[in-house]
Amino acid sequence: MLPRECVDYFMNHDDPPDRIWLKSRFASCHAEFLVVNYYKKNSTLPIGRAHAEWALTVNMSWNARQALVTTRIANWKFVGDVNKSQVVGVEVACNKALPSSSARCQTPSWGHSESITGWEAITQADYTFQFQGEDPPNPQEPDQIKPEKRTLYSISSYAYGYGGPGPWDNIGQTQPVSWPLRCDVARSTNPNYAKSSDCVFHGATGWLRFNVNDPAITESAQLYYDAHQDFGKTYPGGGQGKYVPGNIGVPAWANRTEPIRRNFYDKLLQNNNYNTSVKFCKDKWGTGYKVRPDGKVNECDEFPFKTTYEGSFTITPDMLRTVAVRPVLKEHNQETGARWGLFLAEDHILDGDGVFVEAYK
1 MLPRECVDYF MNHDDPPDRI WLKSRFASCH AEFLVVNYYK KNSTLPIGRA
51 HAEWALTVNM SWNARQALVT TRIANWKFVG DVNKSQVVGV EVACNKALPS
101 SSARCQTPSW GHSESITGWE AITQADYTFQ FQGEDPPNPQ EPDQIKPEKR
151 TLYSISSYAY GYGGPGPWDN IGQTQPVSWP LRCDVARSTN PNYAKSSDCV
201 FHGATGWLRF NVNDPAITES AQLYYDAHQD FGKTYPGGGQ GKYVPGNIGV
251 PAWANRTEPI RRNFYDKLLQ NNNYNTSVKF CKDKWGTGYK VRPDGKVNEC
301 DEFPFKTTYE GSFTITPDML RTVAVRPVLK EHNQETGARW GLFLAEDHIL
351 DGDGVFVEAY K
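1 is the number of the first residue of the sequence shown in my numbering; add one for each residue after it.
Quick caveat, the hints were computed from the structure, so don't treat them as lab data. Don't be surprised by glycine CBs; every beta carbon is placed ideally from N, CA and C. Please note: incorrect hints may appear among the correct ones.
25 Å max Cα-Cα, derived DSS-like pairs, lysine-lysine [stated by the list, open to error]: (1) K23 to K195; (2) K282 to K296; (3) K149 to K279; (4) K41 to K23; (5) K279 to K330; (6) K233 to K146; (7) K361 to K23; (8) K267 to K146; (9) K195 to K146; (10) K84 to K195; (11) K23 to K84; (12) K296 to K267; (13) K233 to K195; (14) K282 to K361; (15) K41 to K77; (16) K233 to K279; (17) K233 to K149.
DEER-style ranges, computed between Cβ atoms [stated by the list, open to error]: (18) E258 to P139: 39 to 45 Å; (19) G249 to Q173: 32 to 38 Å; (20) V291 to S24: 40 to 46 Å; (21) A121 to N255: 34 to 40 Å; (22) S156 to E258: 25 to 31 Å; (23) T128 to P17: 31 to 37 Å; (24) S188 to K77: 46 to 52 Å; (25) K146 to E5: 34 to 40 Å; (26) K330 to S156: 48 to 54 Å; (27) K77 to S102: 20 to 26 Å; (28) P147 to T316: 29 to 35 Å.
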């Protein structure tokens with residue numbers, strides 16, 4: 001993500017985020033107007049003002065345990081008497097999230113300051129933070145997850161400007177903004193499980209999209225679409241209040257639900273989810289549901305997928321949360337399954353992490 005993109009999002013978006021924009025699990029930013037007021041010497045009388053667009057982006061590095069921080073201060077505007085030699089700067093801190101952790105940042109802080117004239121010349125500066133150490137094992141985590149060494153950090157930042165020389169040192173600064181993030185060793189221990197960067201903004205929920213008009217996946221994508229947009233067409237369906245999770249709430253009239261969560265380690269639950277989905281297909285379409293009039297072969301597709309913690313085996317009749325199953329063309333089912341698996345790995349979605357799935361036309 002580039003700082004200019006961040007500025008455009010915050011300044012021109014109809015509903016900008018309050019503090020940070022999580023563009024993806026690997027890119028996030030903050031932007032605001034930075035204002036420096038100038039005062040007459042030995043007086044509280046304001047004589048000038050300078051303001052600029054300030055943005056700070058944090059981009060995770062590919063195949064590494066580090067993040068590139070870039071700060072940009074540009075598009076200066078001036079009113080009245082402004083001294084461009086006054087200093088404007090940015091401070092960035094990198095810290096562990098848990099006090100008892102051995103986690104650390106190789107460099108705990110970095111800052112960059114320039115005169116306004118200097119910022120007009122260079123526009124931006126950057127620095128790479130490297131994340132080291134690890135959090136102690138979490139006793140609440142399953143044993144399979146502990147070898148991943150999931151470790152929490154935080155990056156925080158603020159900008160400041162000096163507008164003296166009034167009767168006091170007039171140093172103004174923005175409200176600090178912070179980015180929680182998580183690093184692990186999953187990519188190096190099992191590259192088929194997790195790819196891309198070793199660190200993510202774990203507060204950003206994954207978002208996978210399927211186009212119903214894609215001829216390689218049409219029948220499967222239609223099932224996912226109906227699960228969220230036309231629930232009455234799905235099976236096993238249900239009464240008032242029933243819903244299928246994983247709905248991001250697009251378009252606006254669609255009801256947002258909780259995300260579905262990746263299940264990588266519990267193979268027994270995966271098998272039980274699959275077998276329950278097949279039973280649903282047989283209950284509705286009979287034991288011959290695999291036979292198609294066109295001579296091709298169906299498979300029983302399900303949403304949420306069997307490799308989630310919200311699959312068919314996890315529902316009970318008294319629950320509002322449910323699933324949707326349907327016989328679909330075998331090739332469509334296998335293609336969406338392949339895309340799902342690749343997405344999980346490339347987006348560094350670990351076991352238990354949430355994902356929204358959007359099927360659209």
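Cross-check of the supplied hints:
1. For the given pair, K23 sits about 18 Å from K195 by alpha-carbon distance, which is consistent with the 25 Å threshold.
2. Proposed proximity of K282 and K296 is supported: the alpha carbons are some 18 Å apart, at most 25 Å.
3. Taken as a hint, the K149 and K279 pair is broken in the structure, with Cα atoms around 38 Å apart against an allowance of 25 Å.
4. Only pairs whose Cα atoms come within 25 Å are accepted, and K41 paired with K23 is rejected, the gap being roughly 44 Å.
5. This hinted pair checks out: K279 and K330 have alpha carbons roughly 17 Å apart, not beyond 25 Å.
6. With a CA separation close to 41 Å, the supplied pair K233 and K146 exceeds the 25 Å bound.
7. As the CA atoms of K361 and K23 are separated by approximately 23 Å, the hinted pair is consistent with the 25 Å bound.
8. A distance of roughly 17 Å separates the Cα atoms of K267 and K146; the hinted pair therefore holds under the 25 Å criterion.
9. Proximity of K195 to K146 is assessed by CA-CA distance (about 18 Å); at most 25 Å being required, the pair is judged to hold.
10. Straight-line distance between C-alpha atoms of K84 and K195 comes to about 46 Å, which puts the hinted pair past the 25 Å bound.
11. Pair hint K23 plus K84 does not hold up; C-alpha atoms about 34 Å apart against a cutoff of 25 Å.
12. Only pairs whose Cα atoms come within 25 Å are accepted, and K296 paired with K267 is rejected, the gap being roughly 29 Å.
13. Taking the CA atoms of K233 and K195, the gap is near 36 Å; set against the 25 Å cutoff, the hint is violated.
14. Restraint check for K282 and K361: not satisfied, since their Cα atoms lie roughly 29 Å apart, outside the 25 Å limit.
15. For the proposed pair K41 and K77, the alpha carbon gap of about 22 Å is at most 25 Å, so the pair holds.
16. As the CA atoms of K233 and K279 are separated by approximately 18 Å, the hinted pair is consistent with the 25 Å bound.
17. For the proposed pair K233 and K149, the alpha carbon gap of about 43 Å is over 25 Å, so the pair is violated.
18. For the pair E258 and P139, the beta carbons lie near 25 Å from each other, so the given range of 39 to 45 Å is not met.
19. Our hint of 32 to 38 Å for G249 and Q173 holds, since their Cβ atoms are close to 36 Å apart.
20. Range check, V291 to S24: Cβ separation about 42 Å, and the 40 to 46 Å hint holds.
21. Roughly 51 Å separates the CB atoms of A121 and N255, a value that falls outside the hinted 34 to 40 Å.
22. Checked against the given bound of 25 to 31 Å, the beta carbons of S156 and E258, roughly 29 Å apart, stay inside it.
23. At roughly 25 Å, the beta carbons of T128 and P17 sit outside the given window of 31 to 37 Å.
24. Here the CB-CB span from S188 to K77 is close to 48 Å, well matched to the stated 46 to 52 Å.
25. In this structure the hint that K146 and E5 lie 34 to 40 Å apart at CB holds, the actual value being about 37 Å.
26. Checked against the hint of 48 to 54 Å, the C-beta distance between K330 and S156 comes to roughly 51 Å, which is consistent with it.
27. K77 and S102 have their C-beta atoms about 47 Å apart, which leaves the hinted 20 to 26 Å range violated.
28. A hinted range of 29 to 35 Å for the beta carbons of P147 and T316 is consistent with their spacing of about 33 Å.
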